[in-house]
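Single-letter residue listing:
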Amino acid sequence: MFVEMLPAIAFYILAATAVGMAFMVIASRNPVHSVVFLIGTFLASAGLFVLMGAEFLALLLIMVYVGAVAVLFMFVVMMLDVDFVEMKQGFLQYLPIGGVVACILLAEMILVGAASLVNPGAGVKFAEDGTSNIEAIGNVLYTEYAFFFEAVGLILLLAMVGAIVLTLRKRDGVKTQNISEQIARTREGGVELVDIKPGEGIGS
Amino acid sequence: MLYKIILFAPLVGALIAGLLGRRIGDMTAQFVTTGLLLLSAVLSWFAFVQVGYGGETQEINLFRWMDVGDFKANWALKIDTLTAIMLVVITTVSALVHVYSWGYMKDDPGKARFFSYLSYFTFAMLVLVTSNNVIQLFFGWEGVGVASYLLIGFWYKKPSANAAAIKAFVTNRVGDVGLALGIMAIYLIFGSVHFDEVFSQIADKKDLVVPFLGMQLGAIELIAGLLFIGAMGKSAQFILHVWLPDAMEGPTPVSALIHAATMVTAGVFLVCRAAPIYEAAPFVSGIVTIIGAFTALFAATIGLVQNDIKRVIAFSTCSQLGYMFFAAGIGAYDAAMFHLFPHAFFKALLFLCAGSVIVALHHEQDMRKMGGIYQLVPVTYILMIIGTLALTGVGIPGLGGFAGFYSKDAIIEAAYAAGAAGHNAPAVFAFWAGLAAAAMTSFYSWRLIFMTFHGKFRGDKEVLKHTHESPFNMTIPLVILAVGSVLAGVIFYDQFMLYKDTGFWGQALPEGHGKHKFPLWVLWAPVAVTFAGFVLAWSMYIRANGTEKRIAAGANGGGGIFYKFLLNKWYIDELYEATIIRGARKLGDLFWKIGDIKIIDRFGPDGFAAAALAGGKKLSKLQSGYLFHYAFVMLLGLAGIIAYVSMKAAG
Amino acid sequence: MQEFSFGQLSFLAGELVLALSVGELLLIGIFVSKYGASIVRYASIAVLLIFAFSGFILNGTGSAFNGAFISDDFSHYVKALIGVTAAITLWFSRDWLKRENLDQYEYSILMIFAVLGMGIMVSSGNLLTMYVGLEMQALALYVMAAFNRDSLRASEAGLKYFVLGALSSGMLLYGMSLIYGFTGTLSFAQIAIVLSGQESVNMGIVAGLVFMLAGLAFKISAAPFHMWTPDVYEGAPTPVTAFFAGAPKLAALALITRLITGPFGEISQSWVQVLVVLAVMSMIIGAFGALMQTNIKRLMGYSSIANMGYALVALAAGGIAGVSGMLIFMSIYLVTVVGVFAAIMQMRTRDGALEGIADLAGLSKSNLPLSLVMTALMFSLAGIPFFMGFFGKWFALTPAFEAGLTWLVVVALLASVVGAFYYLRIIKTIWFDDQAHTFVKAPRSLTLISSASALLLFPILLLPFVTAPARALIEAAAASLF
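Protein chains in written order, with my numbering: chain S, 4 to 207; chain L, 577 to 1227; chain C, -13 to 468.
Be aware that one or more of the hints could be misleading.
What the hints assert, rightly or not - Example chain C residues on the side facing chain L (calculated, C-beta under 7 Å, incomplete):
| no. | residue |
| --- | --- |
| 1 | K146 |
| 2 | V196 |
| 3 | L277 |
Hint data in this document are derived by calculation from the structure and do not stem from the laboratory.
We treat Cβ as the ideally placed atom computed from N, Cα and C, and that holds for glycine.
Working from the sequences, and respecting the hints, build out all of it.
Here you go:
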């Protein structure tokens, strides 16, 4: 009995954690705390994925979002000297009206969810039994979804170009190493033989 | 091809002079317009012979204009005798006026503009007379209206000229409403705007009755009446005549061309063109007769006492147009057109002579300040006498005379014949009014000659020193017109009036009444009253320095009530001012101040604009620049749309 | 399951050319230092033009990658417009970028990326294709908006656009996941099959559709998802704004058209309401918001909001008539905005570029040709009869009227009356106010483009739209969706 209820119990715990953490992200005063709560939200979501049997997505979430994005956030928060307290001062002021709209949206989403109980729709077909997540993804990623894969690759290239355009600055007067010039240097260019007459020194 | 050149040569001239006038210079503009019009005039005479004597009528479709459902109108040339006569009159007088203007407008800075307008007017007039449907006729009708407006107000820096131009335009508009309604009625009743198609159906629709302004009127009578209102406006008939005297503010060549020879005869042309309609509308024809006869008389009485040389001639024009109308009203369309033809020549001659005098006296138009200059301007003097003889219709029945003798006597005889045929009271009235007007015509014409050329000079002596005869380019057109004034009657009488034998009119006019035998007194009466008028004028203005005495009497406020009544043109202008104009202004004020500003503007454009601006300001305020405001609006919109759609889906 | 064959690649030949040339041009840009930017620019223009006409030249209709990428008359026509507009805006941005010290080769690369994204959007036959295309396009546009990174306003514009764009992407994704959840498929064709089998429309699908349309409405700056528009239009460098105003709008509209005719064609009752709401709000906010503006770029931002409203009116009418009405309207609109921005970029004195409406005062006295061009363009935007803008609105509103959406047409007419006010105000400023500035001589590319655009808007050149072949092209494009 209890074993049968375990997934349900786990779901409620994880879901409650995710919502609570998400609220704390926007509610906490210290931005570093916010980022930590964000990581908590990601972890709880990853747990939900595992519950649904999508272990690959769960690991991906942890690796990408916790390992990369959240850490990047942390760096940004700590390196930029932004007065977050001041920025958040408007927060409470807008809380009531924002809360009303949020509640309306939530109610609408619940209605939509309730509608799905009445009319479940076509549903999603899962991979056949016996194939793992990774195997299933691997089967389609480079075949059926090759086009999307390539397109997403282009988006990454674009992101890189964009980042460089917006941040890289070419500054004059910066001494940088020019390897080809170094290698192309010859004895003729580097050494000068001067015949020094005695008693005159090398000053001209 | 011939007719296309006649029609479009003036347009080409007008465009060249109007659009390129500044670039090519005044001289070239004058040369081009005048040359093209001379070409047009020569070809017109050729066409006249071809049509009138050769009987070659034709219709040339230039191109399609409107084709909406049943409503079809083409740009076309309808060439018959009626058109040919008008072509000759228009192009000849116009060409001569162009030549004359070389001298008259010599010192004017706007020469290219002037010639462009003149040529444009000629084109519009030609479009009017060559149309084969009422729509094209209306186009030409409005075209000449515009040209008239532009030319009356040619000296646009002169306030009186501007006022006169507006007056002419507005008065014509009243007539044009009639014409436009007439055109609509024609289309409504006949389903076509094409003359020939309309005329062929008249017999079928004779008894049709249509409601109009709450009355039940015969369809044909209604159309005839509406068209005549248009004709009254353009031809300055009584009630709508007020603009013509004021139109004399324009340059004199314009007065000669537009307000004597051509445009003002458009009304007569319209009635003659629509002759089949008027034949079927006896009641309206009676009205036309009465209005025409009354105008002939009325304008002549005013002409008796005017002091402005051009105004005398203007009222004379008005009066002569009255003759033409009553001739058309009694069914003598041939006589009306016959009078139109020489009248164009001698009236243009008189105007241009007057212009010559005016130039000679340094733009003095008041006859009270002229006198005794016949030795200084002998050519003008002689030509003006010829014009006057033609206008007054001097001649001896059975032997011959000047042009007016033939044409005016033809009208008076026709009126007598129509009256004698019985049951035509308007014709009887017209006959007597015509005789009386003939006497007055003679009087005021000779009065004009005597006051201008005889007696002592009454103006500034300095002016007299510089007075000289006009140059060649002004006198040569006068001579040509004089020749026309003398000979037009003799040469064309048989053609115009005895067409039964010659077939001159072809299908252009309905069957005429033929040649009657008149009692001897009818033939001699016009000559007699003309002579009486001359004698009276001589006795009043030449004998014993009559002119000076009369002017002195006028200056002292003498002259009696009747004299003042005539001098003030029967107080018609004042009457209009007191009733229509002031009333319209009050009504306009009411609509403007209360209706427009307080109601329409306040709740319409102004109110809307204010609300829009306020809304715009609010929106700008909402656009705060804060990111979270923007995101909030997006979410709000999303929630709203979902709520809206699910509510719709729920029912 | 459709077998893959290399023949299918011809359907995306244009996109392939763009994708491959991006790599080459990047290398050229990096290693050719002196004329690198110019070479890349002209090569990019060539590539964009090839992209524009590849569809028409190869003229293949079909789909690739299991229906994920569709090539039909509709995509050919829309891509041709997008490619040509992008090439033109790239061409005339040269002078402006040089003067502002921004002439970098990356600009052209980003433009190609954006157009590539739009191409994928227009051809998408699958929710994933659609999303990938949209993000590629959006990412390129975010960077372009902030391209002038030393300008505070441009950075602010880029950041705002990015953050709000991310929010809209979130909405779009959420909607897509709802659709996927309730239909079990990503393919447009499969979704249509699933929906046509259902008796009543599932609430989840309706909500998903609304979310998706909201995300797309952001891209075409339809109210109430328009808030970024004025700020970004004003802050972004002018050539970028010129680009923003045209091609991306058309691409997103084409995507909406694909959605509502393809997968959701069966449940029109669900989306007509959404489009009507978006159209009405856009027209009203666009018309009234512009009234108080003093910056001409900002004004054009509101103007584009209003114009998207008219395009949505046509789409709301649905059917071939509605789609072809939208295409005609957008074709004319693209011609107009390209001209308007080419004209705006000519507003430059020795001290730099100007953007105020007041700076146009008395332009007729100093620069008559530009005044005439501007007047024609504004008349066209205002929809004065016998300029093309009038016919654009005519074709956009007629289908809606015939579909029974009379009150929507009335709102559109009222909005265009209000709109006419601020267009005419510009004309009034140009012709009747006292002269404010004398502009420096504009480069030939700008004068050429703006005059060509103004000339194209004269009604005599409408003939090809009324008769063959452009009209036939549009009709065929619209018909290919049904």
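Checked hints:
no. : hint : verdict
1   : K146 : holds (6 Å)
2   : V196 : holds (5 Å)
3   : L277 : holds (3 Å)
Going through the hint list in order, the structure satisfies each hint without exception.
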